[in-house]
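Q: Chains as they are written, first to last, in this note's numbering: chain A, 89 to 1277; chain B, 6 to 341.
These are computed hints drawn from the structure, not numbers from a lab. There could be a bad hint or two in this list.
[Stated by the list, open to error] The calculated lysine-lysine pairs, modelled on DSBU-like cross-linking and capped at a C-alpha distance of 35 Å, are:
| # | chain 1 | residue 1 | chain 2 | residue 2 |
| --- | --- | --- | --- | --- |
| 1 | A | Lys-673 | B | Lys-298 |
| 2 | A | Lys-678 | B | Lys-298 |
| 3 | A | Lys-1100 | A | Lys-525 |
[What the hints assert, rightly or not] Residues on chain A that point at chain B, a partial pick, calculated with CB under 8 Å:
| # | residue |
| --- | --- |
| 4 | Lys-549 |
| 5 | Arg-640 |
| 6 | Glu-686 |
| 7 | Gly-851 |
| 8 | Ala-1046 |
| 9 | His-1048 |
| 10 | Thr-1116 |
| 11 | Val-1117 |
| 12 | Pro-1118 |
| 13 | Asn-1234 |
Beta carbons: idealized from backbone N, C-alpha and C, even for Gly.
As a plain string of letters, each chain reads:
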Amino acid sequence: MRATIDGNEAAVSVAYRLNEVCCIYPITPSSPMAELADEWASHRQPNVWGSVPSVMEMQSEGGAAGALHGALQGGALATTFTSSQGLLLMIPNMYKIAGELTPVVVHVAARSLAAQGLSIFGDHSDVMAMRQTGFAMLASASVQEAHDLALVAQAVTLRTRVPFVHFFDGFRTSHELNTIELLSDDDLRALVPEELIRAHRGRALSPDRPFIRGTAQNPDVYFQARETVTPFYARTPGVVEDAMAQLAERTGRRYHVVDYAGHPEAERVVIVMGSAAETVRETVAYLNERGERVGVLQVRLFRPFPARALVEALPASVRRIAVLDRTKEPGASGEPLFLDVVATLAESHADGERAVMPLVVGGRYGLSSKEFTPGMAAGVFAEMERQRPRRGFTIGIDDDVSGSSLPFDASLDIEPPGTVRAVFYGLGSDGTVGANKNTIKILGSEERLHAQGYFVYDSKKSGSQTVSHLRFGSQPIRAPYLVQQASFVGCHHFASLDRVDMLGRAATGATLLLDCPHPPEAVWDALSRPVQEQIIAKRINLYAIDAGRIAREVGLAGRTNTVLQTCFFAISGVLPREEAIARVKAAIAKSYGRRGVEVVERNEAAVERALEGLNRIEVPDRVTATRELPPVVPADAPEFVRSVTAAMIAGRGDQLPVSALPVDGTYPSGTAAYEKRNMSELVAVWDQDLCIQCGNCSFVCPHSVIRSRYYDKSWLAGAPTPFRSIPLEARGLPDTRYTLQVYIEDCTGCALCVEVCPALAPGEPARKAINLAPREPLVAAERDNIAFFETLPLADRSRVDFGTVRGTQFLEPLFEFSGACTGCGETPYIKLLSQLFGDRLMVANATGCSSIYGGNLPTTPWTTDAEGRGPAWSNSLFEDNAEFGLGFRLSADQHAELARKRLTELRDVLGTELVDDILIAPQLRESELRAQRERVAEVKRRLESLDGPTATDLRSVADHLVRRSVWIVGGDGWAYDIDSGGLDHVLASGRNVNVLVLDTEVYSNTGGQMSKATPLGAVAKFAAAGKTVPKKDLPLQAIAYGSVYVAQVAMGADPQQTLTAFREAEAYDGPSLVVAYSHCIAHGIEMRDGLDQQYRAVASGHWPLLRYDPVVRADGGNPFLLDSPRPRIPLSDYIYRELRYRVLANTNPAEAERLLGLAQQAVEQRWKLYEEMAGRGAPRFPADARKDH
Amino acid sequence: MDLSTDYMGLRLRNPLVASPSPLSQTVAGVQRLADAGIGAVVLFSLFEEQLRREAAQNARLADAGTESFAESLSYFPTDADTEVGPTRYLRLLERAAAAVEVPVLGSLNGVTAGGWVDYARAMQDCGAAAIELNIYLVPGDPHVSGRDVEQRHLDILTRVKAAVTVPVAVKLSPYFSSTGEMALRLDEAGADGLVLFNRFLQPDIDPETLAVVSTVDLSSPAEARLPRTWISILHRRVRAALAATTGVEGPDDVVKFLLAGADVVMTASALLRHGPEYAAELLAGLSSWMERKGFATVAELRGMLSVPPDTDESAHERAGYVSVLRAANSSVYGQS
């Protein structure tokens, strides 16, 4: 049976059917395997033996590996799916599993490891880091192989008892849609006979026939025992061959542990593993047709290394070999595959088997999903012709530092002419990718057609661009690289034409479909000069449609996918027009049927209207436009931003040479300000006549686009005419003016500011002091206004009232314009952190949403103040963030102590009064901190004239004399799950660190999987049937220590309490924990209602606001403060406004009712407990036993 | 005292029926109504349009943010966007019908042909004793003709009748040029009951906020006159059972409707005002009135004061409905 699926689904389809237990944990790009397994299990879909696999989400990959090991020792067939850091966390268990000869297949979507930076994209760094564990390693190169070899691995592991990692390239294979032949249950059963399963069960731990496994061994026997397994590994390549032969008998698809393709007497051969093998094979065929003698050897089994098969497969004629590794091992004499090949050939030559020892060079390619194209493959073959081919080369980049990179012809096109190639540029929100996936499924189901789809996403979570690469043809499509010569280009967002070179991928004579808001006669004139030039030069057929308008009119505002998909079918000719339209409609009924009549009808209307609204645009024979493309970043941006950041923003990052990039992953702060994304058509606009200057809008703005300044009216001289200013609402400052400035080019139009604004226009209930209005007409004037606004003086921090929301609007945010979702519930908290403590803030950020919108290139939001100070931010890992942040503290304390010591030593030289003042200075209030900064500056001035080791030493640590604020920031997946143990330890450390948990009650960054913060009754991935265990009470756990300041806050319910908690936590000399309710797109809410939902979460008692302050206890007061009133709305009034709860009420009302009842009960019970605690009195809480407190 | 009543072939212990209201939104609410002695319960209405809107909104929310960022290509399990459909309603119906002895009727407000038929059938499958078609239609488009509006009622009824075997009542509005004729046509088309009348919950205007606001006012006894008039006219002229609704406050209002010819008397407002237990008081009031007036069964008094059918015939020839009504009013009710 044919199907068009991606590599993840291809692999898990087999893994699920052949296992009894799946131990899972989400990590990109393997998550969909776990998600599908969980979903199938929740639908009670059985494996091939009729039982429904048990799917268990763990707290980390380490946990998943542990559970896997246990399940295997219990005799079950068990599996797991992972990538990258997840695989690293499994390594300790992998040694155990292999050492005990336990059959298992771990499926890996191979991904880069975090080194100088994290990367979610594909290469072999992760699997190469576990090659020494004793697991066999089988590499799939395509979606079909990911399906077939998943079965081969399972068949072989049971036969040989050697555990397997079955891996394929992350994203390139895991996320590529391709048409494949599916394996039937019978195929699976045929290769995995039940007696092997029973043999596995027979080896399991059982009290009925007890033995011990997992002993501690001594020097006398450990070595020998380690050698016992050697025959098992020796047998494995042969058994893999047998299983592959058996598979071929049933399916006709023939694989080998190594596969040679190319000229039978090839002189030059590339050896490669993974999807690149497909590209090299196609290129080899192309080159041989042109008279070359080249070949490719694809390695499928990497461990145990099939030395014999490799030597036999390689033609005797081979004189030169290039081994391509998709990983980098700095400092090694070569990458792993290269070393194995060299050793194998050397041994073979030394043994006299091979007369000639070929020249073997190794090279690297494709790290982090870097493209590997036929041009690059040809470049490697060309290099082998040189007298002395480069060793340790790189291909696909420009290494101008070490000179390792090979030249290649980027334009080499070897694809069969019959293949239709199409590229679509859309926005994440418009449904383009979904529609293209649909298109691929439509065409892939045609008997005579094969289809392939690959999707490139943005680095931002809001206003993001997507690029879909589609191919259709009569032959199976083996082109695991992006479309370069498209016959069809869809531009689904007109404004993006000014920012992205869409026609760069268009072939001559291609068709361009523009979604364009202009009428047909105005389309040509709306294009910029460079775009017109390309259209004429490439003889582009131009079509246009106002898809946005049609979508709005049929009730699908913003979702232009159906309109544009219809246009594609109408003009691409890939299927006869009438047939294509009928197929689109059938697909609509299928895809949207479950969403109800309304949705289907609207989409059907979109199809009809699309056909009416499509226009062919006559292309003049000459360029008429004078408009140039806007600059990527302003001309006055710093050099690095102009030369490096701008290239990344413009999509030219691939062309940056090695020398352009920092050597150690260190990048400048504050680059987001240079990327004016203009992503929202509607933006916030201030109505000064209504404004009461409360600061609420600025407080909640997730993207820090609302700023306030007050200043003497004399500053207004020279203000641009449209600049707005009103008298400051403050007694005693009659000549002081106030301006609230919106950075409209950075505004995402989320409307949280409008929702929170308390000032209504009399007689106009819809108008407030801040409203949304179209951006376009305002841009020019607001640019001038912003430029002027930035010349106004900043508030003196020592005079700003830090204690009120109103006051904080005058504190400069040092976190701005991030790529977080529109209306994000997390970023307002982070911004507040940066406003309050930014100039002395150190942030340890757990991997997750906040590390992505906080640190994903090209531009990052953490920035600096006018003095050049600002948050120092870093992301270590997901599983270690609490510990990482504690390390910041330990280091800061150590250096502060050193500074005080050196200062004391130099007391007489530097001035006793100054030194004493510094040593005893209180540093709680901003005014005190300012004073200390001035004293330290004075010390540094005096040090300038001093020599000697003590003075030099003091200079290097003097900054530490100003108290640093260490914050450990992360989401609930981090705090409640993967680093729960670390967080617990850090809170118990007694050290002065502050922990901010941005609690979205779900793994947001990886797409909504359940965490231990997910509440009872909520539906999430891995909890499709509703969570049946209540949310962990993290604050209460921390309170139990007695030495931890704890707060639970929700900005939308009580911003003042949030502010107070942040300040108290920071001021507390010990560990602090602030758990912040963060509404999230994964809740299934209208994001503009996010703050209202926060209010309801508190009003219903789901999220009580509280503070626990050990200082108050020490003073004899009650340290437990309940800041929110008694629950005053039923839980249902809060939860049923969110899709995550409604899903269950819709699909299983009885269960929803039951869980709601229990959740309501839990709310009441917790409230009673908290009320009792709030009235308990100091002596009934544990004392803080730290000596110096 | 025998209060038992036949309504569309359903045997009720008395003629007091709870009409759709928030009281019937939970099983416990239905239970309370039954415990208070009510003869039957019509569940609150299932609004197809609302379900469609909800489905579209859920689909939009499930789509939000998807296929944008490589790590989170979706945020919900794949079936999170599945159309809600009438699942919740049907489950309530099923559980309510199982929980109480008295008949539980489903009430349906559809917008599409498929919606009316499918939901009606589903209600029957879930134990609805009968189905009340709540044809809440405000022809806001001034170009729609009266005949079209009438035809729509007939079409809906015909389709639903063809789809279910349980009795089907039509709850209609009084706003027809010829309400009587409409009733007769529905009767001919197979309506098992006519519920007179639906109240349009017209929006109000708040002069303070300058906003149009939707409010729900409970009905008052004065509003009972209109349905009572029509019931008295239609009694014995239609095969269909007649249900009176609107304006029941005290036992007298129940009595008056029965005298005018209603088979059952429905109330929501009184029960909302005074609580479901008030049903017992209404029934006690009815019994004591019957006792005082010497009626042993409801059947004896039903329609006593309806307009005799022959009056209609001659009057129709003479001066049509209006004069009949005048005559009826002066002779029967002593008013003009």
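Q: If a hint holds in the structure, say so; if it doesn't, say that too.
A: Cross-check of the supplied hints:
At most 35 Å may separate the alpha-carbon atoms for a hinted pair to count; A/Lys-673 and B/Lys-298 exceed this at roughly 68 Å. Using a Cα cut-off of 35 Å, the hinted pair A/Lys-678 and B/Lys-298 is violated, with the two alpha carbons roughly 65 Å apart. About 33 Å separates the Cα atoms of A/Lys-1100 and A/Lys-525, which keeps this hinted pair within 35 Å; it holds. Hint status for A/Lys-549 relative to chain B: holds, with the closest Cβ pair at about 5 Å, below 8 Å.
Taken as an interface hint, A/Arg-640 does not check out: its beta carbon lies about 14 Å from the nearest beta carbon of chain B, beyond 8 Å. With its C-beta approaching chain B no nearer than about 4 Å, A/Glu-686 sits inside the 8 Å limit, and its interface hint holds. Interface restraint check: A/Gly-851 against chain B, minimum CB-CB distance 6 Å, threshold 8 Å, status holds. Contact between A/Ala-1046 and chain B, as hinted, is not supported at the beta carbon level, the nearest pair being about 42 Å apart and thus beyond 8 Å.
Using the Cβ-Cβ criterion of 8 Å, the hint placing A/His-1048 at the interface with chain B is not satisfied: the shortest such distance is roughly 37 Å. The beta carbon of A/Thr-1116 comes no nearer than 15 Å to any beta carbon in chain B, farther than 8 Å, and the hint placing it at the interface is violated. Interface hint at A/Val-1117: violated, since its Cβ lies 17 Å from the closest Cβ of chain B, which is beyond the 8 Å cut-off. The criterion of a C-beta within 8 Å of any C-beta in chain B is not met by A/Pro-1118, whose closest approach is roughly 20 Å, and the hint is violated.
The beta carbon of A/Asn-1234 comes within 4 Å of a beta carbon in chain B, closer than 8 Å, and the hint placing it at the interface holds.
Hint violations for this structure: numbers 1, 2, 5, 8, 9, 10, 11 and 12, all remaining hints satisfied.
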